[in-house]
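Next come the chains, spelled out residue by residue.
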Amino acid sequence: MNKLRHLIDPEDFTTKELDELIKLAKEMYHHPEKYNEACKGKILGTLFYEPSTRTRLSFESAMLRLGGSILGFSDAATSSVSKGESIADTIRVISSYADIAVMRHPKEGAPKLASKYAHIPIINGGDGGHQHPTQTLTDLLTIHMYKGAFENQTIAFCGDLKFGRTVHSLIRTLARYNIKQFILISPEELSLPDSLKRSLIKDGVTLKEVSTLEEVMNEIDILYMTRIQKERFFNEADYNRLKGSYILDLAKIKTAKKDMIIMHPLPRVNEIAYELDQDPRAVYFEQAKLGIYIRMALITKLLEVDLTC
Amino acid sequence: MLEVTSIKKGIVLDHITVGNGLKIFNKLMLDQVDYPVVLLMNVPSKAMGRKDIIKIENNIDIDLAFLGLIDDSITVNIIKEGKLGQKKKVEIPKNVKGLFSCHNPRCITNFDDYVKPEFELVSSDTLSYQCEYCEEITEYKI
Ligand SMILES: [Zn+2]
Numbered sequence: 001m002n003k004l005r006h007l008i009d010p011e012d013f014t015t016k017e018l019d020e021l022i023k024l025a026k027e028m029y030h031h032p033e034k035y036n037e038a039c040k041g042k043i044l045g046t047l048f049y050e051p052s053t054r055t056r057l058s059f060e061s062a063m064l065r066l067g068g069s070i071l072g073f074s075d076a077a078t079s080s081v082s083k084g085e086s087i088a089d090t091i092r093v094i095s096s097y098a099d100i101a102v103m104r105h106p107k108e109g110a111p112k113l114a115s116k117y118a119h120i121p122i123i124n125g126g127d128g129g130h131q132h133p134t135q136t137l138t139d140l141l142t143i144h145m146y147k148g149a150f151e152n153q154t155i156a157f158c159g160d161l162k163f164g165r166t167v168h169s170l171i172r173t174l175a176r177y178n179i180k181q182f183i184l185i186s187p188e189e190l191s192l193p194d195s196l197k198r199s200l201i202k203d204g205v206t207l208k209e210v211s212t213l214e215e216v217m218n219e220i221d222i223l224y225m226t227r228i229q230k231e232r233f234f235n236e237a238d239y240n241r242l243k244g245s246y247i248l249d250l251a252k253i254k255t256a257k258k259d260m261i262i263m264h265p266l267p268r269v270n271e272i273a274y275e276l277d278q279d280p281r282a283v284y285f286e287q288a289k290l291g292i293y294i295r296m297a298l299i300t301k302l303l304e305v306d307l308t309c
Numbered sequence: 001m002l003e004v005t006s007i008k009k010g011i012v013l014d015h016i017t018v019g020n021g022l023k024i025f026n027k028l029m030l031d032q033v034d035y036p037v038v039l040l041m042n043v044p045s046k047a048m049g050r051k052d053i054i055k056i057e058n059n060i061d062i063d064l065a066f067l068g069l070i071d072d073s074i075t076v077n078i079i080k081e082g083k084l085g086q087k088k089k090v091e092i093p094k095n096v097k098g099l100f101s102c103h104n105p106r107c108i109t110n111f112d113d114y115v116k117p118e119f120e121l122v123s124s125d126t127l128s129y130q131c132e133y134c135e136e137i138t139e140y141k142i
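Read top to bottom, the protein sequences are chains H and B.
Per the numbering used here, the very first residue in the first sequence carries number 1; after that it's consecutive.
Per the numbering used here, the very first residue in the second sequence carries number 1; after that it's consecutive.
What the hints contain is simulated information worked out from the structure, not anything from laboratory work.
Note that the coordinates shown come from a computational prediction; the quantities given were computed from them, not determined experimentally.
C-beta: ideal position from N, C-alpha, C; glycine also.
Among the hints, a few may not be true.
[What the hints assert, rightly or not] One-sided excerpt, in silico: chain H residues whose CB lies under 8 Å from chain B: (1) T90; (2) K112; (3) V269; (4) A273.
[What the hints assert, rightly or not] Simulated crosslink set (BS3-like; lysine-lysine; CA at most 25 Å straight-line): (5) B/K83 to B/K97; (6) B/K9 to H/K3; (7) H/K208 to H/K147; (8) H/K26 to H/K301; (9) H/K208 to H/K252; (10) B/K9 to H/K116; (11) H/K301 to H/K3; (12) B/K94 to B/K80; (13) B/K116 to H/K3; (14) B/K83 to B/K9; (15) B/K97 to B/K46; (16) B/K116 to B/K87; (17) H/K26 to H/K289; (18) H/K116 to B/K94; (19) B/K9 to B/K116; (20) B/K87 to B/K8; (21) H/K116 to B/K87; (22) H/K202 to B/K46.
[Unchecked claim] Quick list of simulated restraints, FRET-style, between CB atoms: (23) B/D113 to H/D277: 45 to 55 Å; (24) H/L307 to B/I78: 51 to 61 Å; (25) B/I62 to H/K116: 20 to 30 Å; (26) B/Q130 to H/Y274: 41 to 51 Å; (27) B/K97 to H/G204: 32 to 42 Å; (28) B/P105 to H/E188: 45 to 55 Å; (29) H/A88 to B/G82: 22 to 32 Å; (30) B/Q130 to H/D238: 49 to 59 Å; (31) H/V210 to B/I62: 49 to 59 Å; (32) B/K97 to H/E33: 47 to 57 Å.
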């Protein structure tokens with residue numbers, strides 16, 4: 001028997017494996033009917049120790065579209081997961097209830113712990129502020145879907161780059177694809193952590209840091225927007241002074257390329273004006289939809305489903 | 001020089017940096033054992049000027065990884081039948097399991113008693129260890 005595979009960190013997969021997943025997800029997107037019995041008889045356990053409706057529904061939709069079934073809990077507080085039980089015990093029991101499981105947990109490293117004791121593949125559905133690898137996979141698929149490749153693209157990240165784990169993870173993964181330049185747009189207080197910057201620069205990546213969207217808008221191929229949370233600021237005055245600079249609206253994209261794409265991990269609050277939703281460059285809802293197909297591809301990969309017939 | 005009876009069988013921790021002798025004594029909880037133990041402090045040393053020494057008369061296992069964390073100048077001498085059997089330099093351990101806890105308050109290892117925190121050395125200058133679970137860095141301090 002092959003060694004059990006998990007997805008805890010995007011680094012668990014080689015770029016070759018990521019390419020294969022993206023290719024399969026695209027195939028599933030274009031021909032979903034071919035895969036609607038791929039996981040027939042298989043069960044996905046959804047272990048949500050904290051609520052995250054969007055992520056949970058995306059996984060459930062993915063498994064149902066593959067013809068599989070789901071079971072699990074959506075909030076540890078109201079579920080039967082006994083308080084104080086070790087994750088090691090829980091996951092050994094769940095291993096006989098389900099064939100694969102996704103775990104969302106408020107504590108960092110919890111899915112990794114689960115993977116050490118599980119007899120089934122474990123997917124990290126987000127662990128505190130640490131990792132959320134299926135968001136990264138979703139982002140990769142979206143870029144590939146619209147741009148056909150990762151190379152030779154100018155990718156800009158805007159908003160809270162200090163605490164935004166989706167940004168950190170996507171930048172790290174793109175850097176593995178030899179993307180050598182990123183544009184970072186954020187207030188100084190919310191710039192990319194120094195430790196991450198240092199490790200990127202060591203890998204030969206150039207970071208162009210600016211404080212406004214306008215000054216770089218015409219260079220961007222992919223604009224990745226993130227939410228700026230009010231509580232990240234030291235005081236209300238700073239927040240009010242700065243927030244407008246990082247809200248995307250029609251006026252700000254006047255100088256943008258015609259084929260630029262605007263991404264966002266969702267939910268958005270006010271960082272992208274509603275008036276942009278009709279613009280063909282706004283792909284964030286499509287991005288959320290693509291998240292289902294990359295999860296379908298991931299589930300079949302980890303379950304080692306034979307898709308040849 | 002102060003003479004202390006040499007031991008027949010046991011362990012001598014030599015070349016301990018002055019001041020660390022008592023810390024190691026406490027960490028190893030040698031005040032609670034029922035076999036002979038000697039702690040020598042501020043002993044003149046050619047190499048170090050002054051040093052501390054601990055002699056433990058018994059055949060006990062000492063966690064060398066743990067000693068390396070506290071003081072990597074230590075030499076461990078294993079004594080058998082009154083003779084020096086083996087001499088080992090301790091080293092700063094590359095991998096550590098369960099010897100200290102992760103500094104990240106959101107780390108699962110601080111909440112789940114089943115799991116022992118595991119670390120990998122990232123800098124021996126600062127004794128910085130990266131957590132196997134949350135990947136945050138913990139600087140070890142005695
Ligand atoms: Zn940790």
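How the hints compare with the structure:
1. Residue-level restraint check for H/T90 is violated (minimum Cβ-Cβ distance to chain B is 10 Å; threshold 8 Å).
2. Given hint, H/K112 at the interface with chain B, holds; its Cβ is 5 Å from that chain's nearest Cβ, closer than 8 Å.
3. The beta carbon of H/V269 comes no nearer than 23 Å to any beta carbon in chain B, farther than 8 Å, and the hint placing it at the interface is violated.
4. A hinted interface residue such as H/A273 counts as satisfied when its beta carbon comes closer than 8 Å to some beta carbon of chain B; here the least separation is about 34 Å, so the hint is violated.
5. Restraint check for B/K83 and B/K97: not satisfied, since their Cα atoms lie roughly 33 Å apart, outside the 25 Å limit.
6. Taking the CA atoms of B/K9 and H/K3, the gap is about 46 Å. The hint is violated against a cut of 25 Å.
7. Taking the CA atoms of H/K208 and H/K147, the gap is about 22 Å. The hint holds against a cut of 25 Å.
8. Between H/K26 and H/K301 the CA atoms are separated by roughly 14 Å; this keeps the pair inside 25 Å, and the hint holds.
9. With a C-alpha separation of about 19 Å, the suggested pair H/K208 and H/K252 falls inside the 25 Å cut-off, and the hint holds.
10. At most 25 Å may separate the alpha-carbon atoms for a hinted pair to count; B/K9 and H/K116 exceed this at roughly 41 Å.
11. For a cut-off of 25 Å, the pair hint linking H/K301 to H/K3 stands: about 13 Å separates their Cα positions.
12. For a cut-off of 25 Å, the pair hint linking B/K94 to B/K80 is broken: about 29 Å separates their Cα positions.
13. Between the alpha carbons of B/K116 and H/K3 the distance comes to roughly 23 Å, so the proposed pair stays at or under 25 Å and holds.
14. Between the alpha carbons of B/K83 and B/K9 the distance comes to roughly 8 Å, so the proposed pair stays at or under 25 Å and holds.
15. Only pairs whose Cα atoms come within 25 Å are accepted, and B/K97 paired with B/K46 is rejected, the gap being roughly 35 Å.
16. Taking the CA atoms of B/K116 and B/K87, the gap is about 30 Å. The hint is violated against a cut of 25 Å.
17. Between H/K26 and H/K289 the CA atoms are separated by roughly 12 Å; this keeps the pair inside 25 Å, and the hint holds.
18. Restraint check for H/K116 and B/K94: the C-alpha separation of about 21 Å stays at or below 25 Å, so the hint holds.
19. For the hint linking B/K9 to B/K116, the alpha-carbon distance of about 33 Å lies beyond 25 Å, and the restraint is violated.
20. Taken as a hint, the B/K87 and B/K8 pair is honoured in the structure, with Cα atoms around 15 Å apart against an allowance of 25 Å.
21. Of the supplied pair hints, the one linking H/K116 and B/K87 is violated, its CA atoms being roughly 37 Å apart against a limit of 25 Å.
22. Between H/K202 and B/K46 the CA atoms are separated by roughly 43 Å; this puts the pair beyond 25 Å, and the hint is violated.
23. The supplied range of 45 to 55 Å is met by B/D113 and H/D277, whose beta-carbon atoms lie about 48 Å from each other.
24. Between H/L307 and B/I78 the CB atoms are about 59 Å apart, so this pair conforms to the stated range of 51 to 61 Å.
25. For the hinted restraint 20 to 30 Å between B/I62 and H/K116, the CB-CB distance of approximately 28 Å keeps it satisfied.
26. About 43 Å separates the C-beta atoms of B/Q130 and H/Y274, a value consistent with the hinted range of 41 to 51 Å.
27. For the pair B/K97 and H/G204, the beta carbons lie near 34 Å from each other, so the given range of 32 to 42 Å is met.
28. At about 26 Å, the beta-carbon gap between B/P105 and H/E188 misses the expected band of 45 to 55 Å.
29. With their beta carbons about 47 Å apart, H/A88 and B/G82 fall outside the hinted range of 22 to 32 Å.
30. A C-beta distance of roughly 33 Å is found between B/Q130 and H/D238, which places it outside the suggested range of 49 to 59 Å.
31. Taken as a hint, the range 49 to 59 Å holds for the pair H/V210 and B/I62, whose Cβ atoms sit roughly 56 Å apart.
32. A C-beta distance of roughly 50 Å is found between B/K97 and H/E33, which places it inside the suggested range of 47 to 57 Å.
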